[in-house]
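These protein sequence lines map, in sequence, to chains B and Z. Going by the numbering used here, the letters in the first sequence line up with residues 1 to 112, in that order. Going by the numbering used here, the letters in the second sequence line up with residues 1 to 115, in that order.
Honestly, I wouldn't trust all of these hints.
To be verified - Straight line, CA to CA, 30 Å or less: simulated DSBU-like cross-link-like pairs of lysine-lysine:
#1 Z:7 to Z:65
#2 Z:7 to B:99
#3 B:68 to B:56
#4 B:99 to B:68
#5 B:60 to Z:65
#6 B:60 to B:99
I should point out that these hints are in silico values taken from the structure, not numbers from a laboratory. Since we're looking at a predicted model, the values are computed, not measured.
The residues making up each chain are set out below.
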Amino acid sequence: GDSVTQMEGPVTLSEEAFLTINCTYTATGYPSLFWYVQYPGEGLQLLLKATKADDKGSNKGFEATYRKETTSFHLEKGSVQVSDSAVYFCALSEQDDYKLSFGAGTTVTVRA
Amino acid sequence: SAVISQKPSRDICQRGTSLTIQCQVDSQVTMMFWYRQQPGQSLTLIATANQGSEATYESGFVIDKFPISRPNLTFSTLTVSNMSPEDSSIYLCSVDGTSGQETQYFGPGTRLLVL
Numbered sequence: 001g002d003s004v005t006q007m008e009g010p011v012t013l014s015e016e017a018f019l020t021i022n023c024t025y026t027a028t029g030y031p032s033l034f035w036y037v038q039y040p041g042e043g044l045q046l047l048l049k050a051t052k053a054d055d056k057g058s059n060k061g062f063e064a065t066y067r068k069e070t071t072s073f074h075l076e077k078g079s080v081q082v083s084d085s086a087v088y089f090c091a092l093s094e095q096d097d098y099k100l101s102f103g104a105g106t107t108v109t110v111r112a
Numbered sequence: 001s002a003v004i005s006q007k008p009s010r011d012i013c014q015r016g017t018s019l020t021i022q023c024q025v026d027s028q029v030t031m032m033f034w035y036r037q038q039p040g041q042s043l044t045l046i047a048t049a050n051q052g053s054e055a056t057y058e059s060g061f062v063i064d065k066f067p068i069s070r071p072n073l074t075f076s077t078l079t080v081s082n083m084s085p086e087d088s089s090i091y092l093c094s095v096d097g098t099s100g101q102e103t104q105y106f107g108p109g110t111r112l113l114v115l
């Protein structure tokens, strides 16, 4: 079945540091890939997505590229802020299927 | 994107009781889903709420424990029945985005603590 494997946390960074969260997936077809973010005390929000190979999703300075050859969708941000402290979830849905499979989540803490 | 609300936002319940969680969307949507997020864990899909028919449950979840209603295209309820402390979780509903975009939007969640 489909699965998503995320880099384990927690991750602690200083402000303006570079952030990478690794995500790899297993799927039978051509899935859509997502990053969701959960800020402290808030609900889950869609951060970015990519629906086909070589697509790059981007939002709020975050980027992730759909790499079919390595089955990866790593999340990156060049300069993090304290406000980026959150739990980040990688997820996928198979083609023509809305059901989401989530990774375990990575807790990121950014210190001033 | 749709605006989704859930009631209650949190609750503390006694074991053996049941709690019904409501999910309301500000626009008609085709698909509604219910997820569970246990403490420190990722999200697990409980079921897909189908309008006009029974919900479709994922492996490990049954209708007797988690009955779901979907009376129309903007509303759904999830009941957590005969609760035990292991049911303490955040329960989230989500809806599909615009047709064909395969994106889900999530409600704020209901934090449940069972004593």
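Margin query: Let me make sure I understand: some of the numbered hints might not hold for this structure. Which ones are they, in numerical order?
Written below: Hint check: 5 fails alone, others pass.
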